[in-house]
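S.K.: Residue numbers (this note's numbering), protein chains in the order written: chain A, 1 to 113; chain B, 1 to 115.
Because the hints were derived from the structure by calculation, they are not lab data. Even glycine gets a Cβ: it sits at the ideal position worked out from N, Cα and C. One should not assume that every hint holds.
Stated by the list, open to error - Covered by chain A, according to a simulated footprint, are these stretches of chain B (three or more residues, beta-carbon under 8 angstroms):
1. 62–76
2. 106–115
Unchecked claim - Straight-line distance between alpha carbons at most 20 angstroms, and here's what the computed SDA-like set of lysine to any residue pairs gives:
3. Lys49(A) to Gly95(B)
4. Lys49(A) to Lys9(B)
5. Lys61(A) to Tyr105(B)
6. Lys14(B) to Pro40(A)
7. Lys9(B) to Lys61(A)
8. Lys61(A) to Asn65(B)
9. Lys9(B) to Ser39(A)
10. Lys14(B) to Lys49(A)
11. Lys9(B) to Gly41(A)
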Amino acid sequence: AQSVTQPDIHITVSEGASLELRCNYSYGATPYLFWYVQSPGQGLQLLLKYFSGDTLVQGIKGFEAEFKRSQSSFNLRKPSVHWSDAAEYFCAVGALGFQKLVFGTGTRLLVSP
Amino acid sequence: NAGVTQTPKFQVLKTGQSMTLQCAQDMNHEYMSWYRQDPGMGLRLIHYSVGAGITDQGEVPNGYNVSRSTTEDFPLRLLSAAPSQTSVYFCASRGSGRVSSYEQYFGPGTRLTVT
Numbered sequence: 001a002q003s004v005t006q007p008d009i010h011i012t013v014s015e016g017a018s019l020e021l022r023c024n025y026s027y028g029a030t031p032y033l034f035w036y037v038q039s040p041g042q043g044l045q046l047l048l049k050y051f052s053g054d055t056l057v058q059g060i061k062g063f064e065a066e067f068k069r070s071q072s073s074f075n076l077r078k079p080s081v082h083w084s085d086a087a088e089y090f091c092a093v094g095a096l097g098f099q100k101l102v103f104g105t106g107t108r109l110l111v112s113p
Numbered sequence: 001n002a003g004v005t006q007t008p009k010f011q012v013l014k015t016g017q018s019m020t021l022q023c024a025q026d027m028n029h030e031y032m033s034w035y036r037q038d039p040g041m042g043l044r045l046i047h048y049s050v051g052a053g054i055t056d057q058g059e060v061p062n063g064y065n066v067s068r069s070t071t072e073d074f075p076l077r078l079l080s081a082a083p084s085q086t087s088v089y090f091c092a093s094r095g096s097g098r099v100s101s102y103e104q105y106f107g108p109g110t111r112l113t114v115t
């Protein structure tokens, strides 16, 4: 069965520092991978997605993610975090012919001044 | 385009009551789905639909019913509410066709409390 693991429940980063959020997936076929962000009380916004091709994917708000098939990982990165990036981040894999998304449990990012 | 809309935004129910959460999209998307979000558990799929008249169960379907009579609407019915159904519910839709267009659009959510 498909699964997504986000090993960090909370991460605190200083404003201006770099960020890496970890995501590991389990899926037998070629995965479709996504990162979503959720601000408090809001819905989910797509940051970026990977289907095929270049393994380094650029997204909105200065985020990028790298797909590493050998490590079954799709880690999210940002070189310099802003206070407005404080939110919860979800990694997801498309499954069942992409009729559904399987989500990780999320990582809450806190940004310290 | 309004995208994916959900009503109501908030709802409080007593145990045993029934209600319908509404979801509509104006993007002519074939695929629609309902998720629930609980702390520490991410989002879990309740039911999904691949087109009008076609629905299927997700991971956590018990206690919920769906139907899809039109492309635009995908209501979620709680038959007899239980405290375990206290959650935030998200509706999502996506188009079909090229895989590169496979992006799910999410509604703003409905926060449901069952007492």
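S.K.: Which of the numbered hints are not met once you compare them with the structure shown?
M.R.: Structure breaks hints 1, 4, 6, 7, 8 and 10.
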